[in-house]
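Undergrad: The residues making up each chain are set out below.
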Amino acid sequence: MKHKLFVWGGAGILLLLLSIVLSLSMGSAHIPVSQVWRILLHQLPIIGQHIPVDWPVSSEKIILQVRFPRIILGIIVGACLSLAGAGFQGVLRNPLADPFTLGVATGASVGASFLILFGLQFLWLGQWTVPIVAFLSGMLSLLFVFKLAGIQGKFRVETVILSGVVVQAFLGSIVSFMITLSDDVINRIIFWLMGSLALRGWDFSIILVPYFLIGLMVLLGHGRVLNLFALGERQAAHLGVNVDRSKWIVLIFSTLISAAAVSVAGVIGFVGLIVPHLVRLLVGSDYRLILPLSVVFGAIYVLWADTIARMLLSPQEIPLGVITALIGAPFFAYLLSKNKKASNT
Amino acid sequence: MIQVKLVSKSYDSSHVIQNISFHVKKGESFGIIGPNGSGKSTLLKLCSGIEKAEGGTIQFANKEIHTYSRKHLAKWVAVLQQEALPPVGFSVREVVEMGRYPYQNWMGTEEKDPEHLIVDILEKLEIKALQNRSLEQLSGGERQRVALGKVMAQQPQILMLDEPTTYLDIGHQLQMMEYIREWQQQIGLTVISVLHDLNLAAMYCDRLLLLHEGRLVKVGTAAEIINQELISQVYGTEPTIISHPQLKVPQILLNSDRVPTTVNE
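Chains as they are written, first to last, in my numbering: chain A, 1 to 345; chain B, 1 to 265.
Treat the hints as calculated values from the structure; they're not laboratory data.
One or more hints might be untrue.
Claimed, not checked - 30 Å max Cα-Cα, derived DSS-like pairs, lysine-lysine:
hint: 1; chain 1: A; residue 1: Lys4; chain 2: B; residue 2: Lys128
hint: 2; chain 1: B; residue 1: Lys25; chain 2: B; residue 2: Lys75
hint: 3; chain 1: A; residue 1: Lys2; chain 2: B; residue 2: Lys25
hint: 4; chain 1: B; residue 1: Lys112; chain 2: A; residue 2: Lys4
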């Protein structure tokens, strides 16, 4: 287990670092990779002093003030969404569960759109208002989904996704309704909804980081419990797991990090569904591996999706959610058919 | 060891278990038998603490079972279920190691390395050669042995069996019961089992508890419980009861109204 985590985790982190540097060099103003390396190293203490400045100031500004914050935000958003997906899939024992199929993301976007519509984004708690309201409305929709799927307080795993899709459609129409209600802010809600990392400075990363770290610690601590859940809830209870408590902790913290990601970057689909699935194909069913590796690979996935989003029709931006779905859906179909073939032979 | 006093349980106003009392001594093998729907499995769920009884008390070592934390309880009681393990992608060894969960800290490590214990169990149950195989690739009998290995790794004082031999053929049934008996004799384990098969129950249990419609009919040795009168009263069928030629315990032969057809020569 540790060996596998070391190998895959190491490979993932290397790939992530490489992707950051490559993505930093890409954009309307081309900056060579070697220069990106030197600009980055120059920022480090001690080593930085030994690197002579041989690049134009504009390059440094573009890298550090425009591209870098955006890339970091993409990384954290990707990590949040795929970690949340892995958490939902583990606790519901359903590979189709993710923040979107469960209606959590749309629920969170109802709360956030409401604030944007009435211009209340900074009321009460300043910059923390949107994530908290998004979390509450996301949590409410999750509870509603369970209520719909549930029988006598215990929900049936099979019907959860079905209820999720219904609730998501309903909440989606509420968001659309809010968009039609107001003409002057229409573009802001729509563009935010489609998912974008453009023009989001360091502030957004700073809002997201505490949510991500708390969620990360709690969920990584539940890896073994999710493994026991895979054997069935009764088995887990007999092995000493407090089933109901663990289930709700994982659900609440997965909702928290998805809502935080949605509130800063809008609805970015397919990340929470595909990344844990891909990781599972690589390393097997052990959640002690799936959870941390989903964080790394989710970060890489969104980083590249966002790079494509800003490069493809440059200088025009494509909404990030469009790219993740455009790559994600066919990739998911490929995984499914490959899985089917593997289990048939 | 286990003291059950006047325990009841009902689901949606239908009484599944009513005022049942019994006790089980340390090292004893105690069987719970009864027809379908008599409340056997429910009684076991109450005893293992997974469901809460409505009235009465259940105590382990003179301490009320609901005062134990879930994790602490798992060090006391392990349960082997009918459908032991779903076909998930874990290896045999990983599943056996899951039995150590109640002893692990939040990092997933233990004070004492359980490696030796795990290897011992894998060897004893003859699943060491399969240790890196995934559960999906195992037969039903092998999977049930892995489930037993996981339960052994839990090192409980009390083992509860919920019809663990239901899906096994007679060879594997016997093998399973023998593994459990050997384990029981080695460490003085207390075993409470719900068994469907009355012949197995008579062979492997020191005492039996007969349940009928949620009520206790009688507690006693196999010879006291498995007799013509009680069995026909509770199960509604008239079996022939003979004594096992080797083990001297009652065994049941089923009868049929059908007249045997004779083949003309």
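Undergrad: Run every hint past the structure and note whether it holds.
TA: To see whether the hints hold, each was checked on the structure:
1. Under the criterion of a C-alpha separation no larger than 30 Å, the hint pairing Lys4(A) with Lys128(B) is consistent with the structure, at around 21 Å.
2. In summary, the hint linking Lys25(B) to Lys75(B) is supported, as the alpha carbons are separated by about 18 Å, within the 30 Å threshold.
3. Note on Lys2(A) and Lys25(B): the hinted pairing is violated, with a Cα-Cα distance of about 43 Å set against a maximum of 30 Å.
4. With a C-alpha separation of about 23 Å, the suggested pairing of Lys112(B) with Lys4(A) holds against the 30 Å cut-off.
Hint 3 alone, counting from the list given before, is not met by this structure.
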